[in-house]
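Enquirer: Chains as they are written, first to last, in my numbering: chain E, 336 to 957; chain C, 336 to 957.
These are calculated hints, taken from the structure and not from any lab test.
Careful, some of the hints might be misleading.
All copies of an identical chain are treated as equivalent in the list; a pair is satisfied when it fits inside any one copy or across any two copies.
To be verified - Straight-line Cα separation of at most 30 angstroms, DSSO-like style, residue types lysine-lysine; simulated pairs:
hint, residue 1, residue 2
1, Lys784, Lys660
2, Lys722, Lys613
3, Lys707, Lys507
4, Lys672, Lys725
5, Lys924, Lys352
6, Lys784, Lys725
7, Lys660, Lys345
Please read all numbers here as calculations on a predicted model, not as lab measurements.
What follows is the residue order along each chain.
There are 2 protein chains.
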Amino acid sequence: MEKRNIYLDKLPLTEAKEIILNNLAGNYREATERVKVEDASGRVTAEAVYAEDSSPHYYAAAMDGFAVDVDKTFGASKRDPKELTIGQEAFFVDTGDAVPEGCNGVIMIEDVNQLDEATIEITASVAPGQHIRSIGEDILASQLLAPVNTKLGPSEIGGLLAGGITEIEVRKEPEVAILPTGTELVDPGSSLQPGEIVEYNSRVIASQIREWGAVPVKADKVEDDYELIKNRVDRLSQQYDLVLIIAGSSAGAEDYTSQVIENLGELLFHGVAIKPGKPLMAGVINEKLVIGLPGYPVSAYLGTQLFVRPVIERLLGLTCSQPEKVKAELTQNLTSKLGEEEFVRVNVAHIDGDLKAVPLQRGAGVINSVMKSDGFIRIPALKQGMKQNKQVEVELRRDIDYNQNLLIAGEEDLAYELLCNQIKLQGVGLNLKFKNMASETAVDTLEQKAANAALVKTVGMRQETVVVNLAVSEVGLVVRPDNSLGINGVEDLSQEGLSFVNQQQGRAARRLLDSRLETAGINTQEIVGYRQEEITGRDAANLVKEGIIDVGLASRGVAELFNLDFISLGQITSSLVILESEVEREELKKLLEVVRSNEYKSQLQKIAGYNTEDCGEIIDRK
Amino acid sequence: MEKRNIYLDKLPLTEAKEIILNNLAGNYREATERVKVEDASGRVTAEAVYAEDSSPHYYAAAMDGFAVDVDKTFGASKRDPKELTIGQEAFFVDTGDAVPEGCNGVIMIEDVNQLDEATIEITASVAPGQHIRSIGEDILASQLLAPVNTKLGPSEIGGLLAGGITEIEVRKEPEVAILPTGTELVDPGSSLQPGEIVEYNSRVIASQIREWGAVPVKADKVEDDYELIKNRVDRLSQQYDLVLIIAGSSAGAEDYTSQVIENLGELLFHGVAIKPGKPLMAGVINEKLVIGLPGYPVSAYLGTQLFVRPVIERLLGLTCSQPEKVKAELTQNLTSKLGEEEFVRVNVAHIDGDLKAVPLQRGAGVINSVMKSDGFIRIPALKQGMKQNKQVEVELRRDIDYNQNLLIAGEEDLAYELLCNQIKLQGVGLNLKFKNMASETAVDTLEQKAANAALVKTVGMRQETVVVNLAVSEVGLVVRPDNSLGINGVEDLSQEGLSFVNQQQGRAARRLLDSRLETAGINTQEIVGYRQEEITGRDAANLVKEGIIDVGLASRGVAELFNLDFISLGQITSSLVILESEVEREELKKLLEVVRSNEYKSQLQKIAGYNTEDCGEIIDRK
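Bound conformation, chain E alone:
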């Protein structure tokens, strides 16, 4: 059972999708159910719906006047008026009133003289149907209200009810079983042991599926055991319309899935030429489609999007929906592997007048990058990448309003997270998206129009930018609470047996450290771990907290967040740098308004070591 699978037939995406949809035909259960129309929003008609009643369904007066049998008005004129008896031959109607039976026209009040309580005199004749609001003005009995396979929304509910339809046959929502496999999996909320992984893929997939109108059925996770998996898949495929097997992240787990499919039914393919998502497979068991999804969270998410969604749509009788797309300019070169269609997550934002697409992390394990993304771009299998400035097509995630996006590039700072929160608390229509990088790089990125603002720490001024103060904060060394190693400053970093973790080169804290080391005349080679870099102070503090490293470099705020001791090395100013050309833009004005709000300042002030005296002030405008 330990042999490794080679992807014998890495299929192109469209081919793989076609195979799946073609193999659906056989087991496509035309299951329908009867529901009340008023509960049918979001459901799909299983048959054409025709109006039973007209709307309006009765003849209504279109004028104030008298309803009459037109025959009795024949020949009436000013010169030769006719008399009619009220309540017998003529009936008073307001506009909208039903026309009494036996009447087939309405004579306008202007053509009527009331002679006494019981009699009117009419001075014109009436044609059949005159001044009567037509039956079926809105909907005519027998007309097609909704073709078969129509997804119903609020206005359709109205139209159907107006047409006298109260119950309809709709497609049954497909039931999709989701089976997570992997011995390493534990349920959310368990206290985690090393090597264990929280099983959240099935929860993500369940909510994807629910959005598309199907019913997810989460099966209990099963460990990497061939027989166990086989029994479960056999049973699930008998019970449900579609079975999804999520393989564990280990190569072995994936083998089980393909073998189970082969031995219970037919394996249609194993391996698709996409990235992430390559190990995806599909088969047919008990006449039901079974899809094996990769275990990496991004692969599982994307695989579900690309393969499960069209299956659900087909089962519901719908055509494949197209994602909303937008054209944007790529902000950096991307390389990719020939022969694989790669899906690169991106953020999208208007920057200095152009819509830009900024790539995010590409790892298959980073669900965070899906959460932060606005959509993805595809690098075709036959390309080895895409060039900066190329116009690319971004397929947007659902309900994304990229017009509210502002991209911030720079050094992570607790001030940033507070800003995100304040924006949402104050109900400001902005979404901030963050890209972590050293200050100088961030300003370069800003100047290259790949960000709307740079979050920088103690950085020199540049042309055509505006610098807005955020806060002054303290940076220093962080150690475990007891400070048992007795660290008092940079002098102690070269202590025998002590381990240190540094921050990335170019970061403000790193520069401060280096200057302190230089002043103290300490050779960095003597510091164990000086070249061991974490990106942010938070990463470093976390390593100290976890007991892996003795000393890290971080801000006082971060030290407090992780309950660590803090030895100050000095102060750093954080600021936002904005393009001069965007300062007057509505979205950036909104952003600065929040920065300058008292609520934000008072939140910021609560962070240990933060001085917000000049928060929101423009430092320089060169």
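The hints should help you fit chain C onto chain E, whose structure is shown.
Expert: Coordinates of chain C only, in the frame set by chain E:
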């Protein structure tokens, strides 16, 4: 109680919306509830969510090799290797395995020689953290996962669970009471008496509200009685977050609503300068917002969209969502009333390379036109209309894919409804939208690029168009089943006491009738109702069926649909006319494929009087 209200303060839309949102502040209940993260898709966070665990949460080997305490590797080299005891000082790890406690580095298998079962020799030293996959590569404990007031979707579910969060505080879904008022209202499914109206507004509004994340509470309808309405509104405003009162369509009902609001609380405004939707009002009762919606279905729908949606979003802590918009070219002149912002329903489609917006019926009573529409355009209050060919902004209805739209203009034909159904049955990605007009007008419309195809009956050829045969059908006179009047042909139409209803001028059936009358030498003035026109044969047949009119003009198929007797006057050919320039377009090729399919033909043949021998054949290509 009979006095009529004047709209004293017809407010502009934005002003009215602002008043509503400002008056929400007072009664904004910050109600939250705790839910499981895995059930939280679509919900909105009520507080900022920070990661509790990192993901990965353990130190994982990034290479196959041995996990070690790096101190014990210090100084090792090829020249000076060090020996370590397996299971005590060195532990074999596969990529992804947890690094055992006490180890803070992994030495690659390439730098290891296994001496015996218990001992390895290492030829390089290891730095702290080396070849260990960083904790928090995806998510770092303490990081902001979701700001407050964030709407969660599948990937957020994943991110939160990965960050160790299993339960969160979310905004309670606002409960919105919907109270229909009007003595004329009856529930769907009731057998309708003249003057009664099916109460479907509350059902439409309920499904609109559900889409936006609130809980609709449908209250029992109440008749037009001031005290009854007052008591109900008083009670509902105490129980729910927002109360919607749907006034009956009569002017009196609306009075009750405004008086109830005034007497129970404060009327904020009555009357908004929009069309449809003018009589909309709002007030505050028991510190809750109360909105009075107009009774006309389109007004109620639009009023809910414009005023209730932002209230729900505000209650949920979200900013006002912007509809998806698209620019299109208006196909006809539109006039509108100065001082009112008018919302005109439109269809949108690509026609001959350009995206066009084609206005639909504008009446407030026509829910059908909302159902058929793709969105609407706004004519600003300070404009008296919009000119043909103007670029307009269309605000799209949810989930509209206008790229699949084809606009068909022409004479209603049962062949059309069957075609709509066949397209959906065959799973073809097309949506047909129909605009009813006489054949010649339809071909003009086609030539003006305001439709993708004209559905015509026996019409002359034109330049640059292609004509595709649909069917030959019979047209004639329709009478009630017994034919008690003994109608045998056009000669009998001038019978004393007989009433006739005609079709619109320009329609093929009308032209056929006229030619038959001319041949028979009958003066049309002698026919009672000759000038009384219904648009389609179906409308005419319906009037005959309802007993209002004795004889109508329709096809044999329609006669059968309404169970009427039919006296044939002759045959008419129905065909589809397409622009030569669009014949090769993918969407039109798909359409013709369906027209030519055997399934469609066999459906068409089932209609009485239809001959489909040449269905799908190109008649002429001039």
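Enquirer: Hint by hint, note whether the structure agrees.
Expert: How the hints compare with the structure:
no., hint, in the structure
1, Lys784 to Lys660, "both (22 angstroms within a copy, 26 angstroms between copies)"
2, Lys722 to Lys613, "within (24 angstroms within a copy, 53 angstroms between copies)"
3, Lys707 to Lys507, "between (34 angstroms within a copy, 25 angstroms between copies)"
4, Lys672 to Lys725, "within (18 angstroms within a copy, 47 angstroms between copies)"
5, Lys924 to Lys352, "between (46 angstroms within a copy, 23 angstroms between copies)"
6, Lys784 to Lys725, "within (14 angstroms within a copy, 34 angstroms between copies)"
7, Lys660 to Lys345, "within (27 angstroms within a copy, 40 angstroms between copies)"
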